[in-house]
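**Q** Chain by chain, the residues:
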Amino acid sequence: MRIRDASRTAWKGIMNAKMRSFLTMLGIVIGTGSVILLMSIGGSAEKLILSEVESVGSNLIFILPGSTKGSKFASPAALLGIVIKTLNEKDITDLRREPAFKYVTAEVRGQAKIIKGSNDSTITFTGNDNQYFAVRNFDFYKGSAFSQSDLTSFNKVVVLGYSIAETLFPNGEDPVGQIVRLKDINFRVVGVLTKQGLGPFGVDEDQLVSVPVTVAQKLMLGINYFNAVTVQVKDEYATDFAKGRITSLLRSNHRITDPNKDDFTVQTQEDFIAILGNVTGILTIFLTAIAGISLVVGGIGIMNIMLVSVVERTREIGLRKALGAHNKDIVLQFLIEAITLTIIGGIIGIVVGIGFAGIAYFVIKVVLQTGWAFSLPLSGIVVSLVVAIITGLVFGIYPARQAAKKNPIEALRYE
Amino acid sequence: MIEVSGLTKIYAEGEAETRALNGLDFSIQEGDFVSIMGPSGSGKSTLLHVLSFLDRPTHGSYLFLGKDINKLSNVELAEVRNQEMGFIFQSFNLLGRSTVYENIELPLLYSPMPVHKRKRAITEAIESVGLGEKMYTEAGKLSGGQKQRVAIARALVNEPAIIFADEPTGNLDSVSGEQVMDILKILNEHGRTIILVTHETYTAEYGKRLLKLRDGLLESDTQIEKRNTESYFK
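From first to last, the protein sequence lines are chains A and B. In this note's numbering, each residue's number is its place in the first sequence (first place is 1) plus 328. In this note's numbering, each residue's number is its place in the second sequence (first place is 1) plus 30.
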């Protein structure tokens with residue numbers, strides 16, 4: 329039998345039972361559709377996270393106290409809430425002397441209640457220097473950052489994020505120049521940031537309460553170390569070179585000779601991106617695998633219906649064999665029918681998946697106002713189609729062989 | 031054309047054994063019109079299945095156009111059925127959702143005939159049974175008599191050497207039955223060999239020769255005298 333005749337025969341079989349064919353396809357449509365949808369969302373999420381990391385500022389290197397003990401993907405101890413006091417004032421001063429660095433900004437953190445009249449909120453405040461706002465590319469809605477003299481004179485001034493300012497000043501009065509209480513100390517508000525939204529790693533930048541790092545260390549926390557240091561590298565220097573300079577400087581300051589005994593962790597944005605890429609990659613694979621299961625279920629649906637169809641068409645099979653069809657002709661006919669169903673189902677599924685990915689894009693980007701980008705992995709489309717065809721082959725072969733095995737005499741007698 | 035000797039077919043089901051055919055010997059010449067009759071269980075259907083290569087004998091030999099059924103593979107049997115034999119069934123066995131054209135095309139899908147010669151062969155077959163204007167009608171929408179004429183056209187399209195007809199008038203009224211038998215008679219007059227299985231005497235008498243079976247044995251083998259068929263259906 330010619331392939332063209334077999335295809336025509338299979339197509340006729342599909343069109344003779346349109347409703348059943350459609351229902352048979354539905355499993356494949358849903359399976360392929362969810363694979364495409366989840367791969368698209370996974371791709372978009374990855375893009376979003378990467379753009380968030382980049383939005384922190386460019387050419388940044390983060391120094392955290394504590395070691396990751398050789399594992400690239402482990403959290404430095406500082407992120408796990410362990411207090412490590414190794415990053416000190418001398419480290420910062422020495423880092424600032426490096427010609428490769430544009431800015432070096434050190435940070436401390438603490439918990440406190442911030443109060444204005446009858447309004448209050450429990451927050452994490454940060455102690456920063458005045459370079460911090462430039463490194464992070466923050467714009468001011470009102471007022472400005474604190475100055476170098478605020479740092480050296482221990483001035484009790486504070487910069488507020490957009491929403492914490494709204495919480496403390498709900499009636500729309502200008503916060504700049506007003507006094508707020510933080511850890512029982514009166515602070516004068518000098519600036520309010522523009523709306524920043526969710527920052528990297530889920531930090532709500534609009535809740536920022538930032539005071540001069542000197543004030544935070546000496547007057548509020550009573551410490552002389554730092555919780556984190558951010559270095560911005562000059563454009564003409566490679567981050568790897570800068571990372572090497574930081575590492576050797578800190579090792580010499582901390583008198584460390586064995587690299588395995590580092591008491592600090594230096595991470596570039598590339599390191600973060602690699603870790604996040606890993607995480608989102610695993611997540612995408614995981615979600616796609618779940619969607620893949622529905623493809624298998626769809627395939628079993630195809631097999632089920634094809635088996636019913638074979639029984640229903642027993643007489644037709646008997647007739648074809650009596651008129652000269654070989655077993656392989658019958659196998660070919662039913663196999664092409666199954667594969668055609670899965671290919672059509674796959675194509676519809678891809679279109680539906682892209683449609684839903686578009687709807688998801690609209691909801692997440694336009695309604696929720698995020699920096700969501702539409703992503704459509706071409707590999708996902710190819711893989712879905714190939715998997716759909718393989719599903720048709722695998723789950724179509726058994727019913728097709730059952731059909732071919734029929735004895736023409738008995739098949740012709742079948743009522 | 032057909033040489034049968036010692037033809038035996040035994041169906042074994044567990045311990046029980048049924049001898050559907052019990053050592054038949056006969057031959058059929060090209061151009062003959064043989065009617066096979068017999069009561070239920072006499073083995074006439076089984077004989078037709080073996081003669082038409084749908085089934086194999088348990089013992090004995092059967093040569094069709096010099097080809098030994100015992101020496102052919104299943105694939106070769108299918109090829110002989112496709113190229114040398116035509117089939118007409120009691121219940122028509124048409125594909126109801128397909129057109130008359132597509133139904134008649136069916137044997138050609140499995141034959142080596144080049145695609146460009148199909149249309150001519152199908153058209154000729156349809157016109158030979160007088161259904162030219164129904165070419166693209168769905169087979170399921172035809173009357174019983176028309177359906178059986180489509181089945182005859184399907185049996186003819188491959189230009190077979192022989193036509194096997196299994197109770198072709200069994201599902202038809204007398205007028206349609208007569209039309210179908212007239213067509214078979216004309217085909218025979220043009221040289222086509224026909225083997226007809228029936229339990230109706232008047233249908234059987236369209237043939238030239240009558241084989242009567244009983245309990246798997248040949249009860250009689252007689253020539254049918256030329257007669258005026260008109261009176262039988264009216």
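Read the hints as simulated data drawn from the structure, not as lab findings. Be aware that one or more of the hints could be misleading.
[Claimed, not checked] Reference excerpt, derived from the structure (chain B facing chain A, CB under 8 Å, subset only):
#: 1; residue: L125
#: 2; residue: R127
#: 3; residue: S128
Where is the CB? At the ideal position from N, CA and C, for every residue including glycine.
**Q** Tell me, which hint numbers fail for this structure?
**A** Of the numbered hints given earlier, the structure breaks none, since each of them holds.
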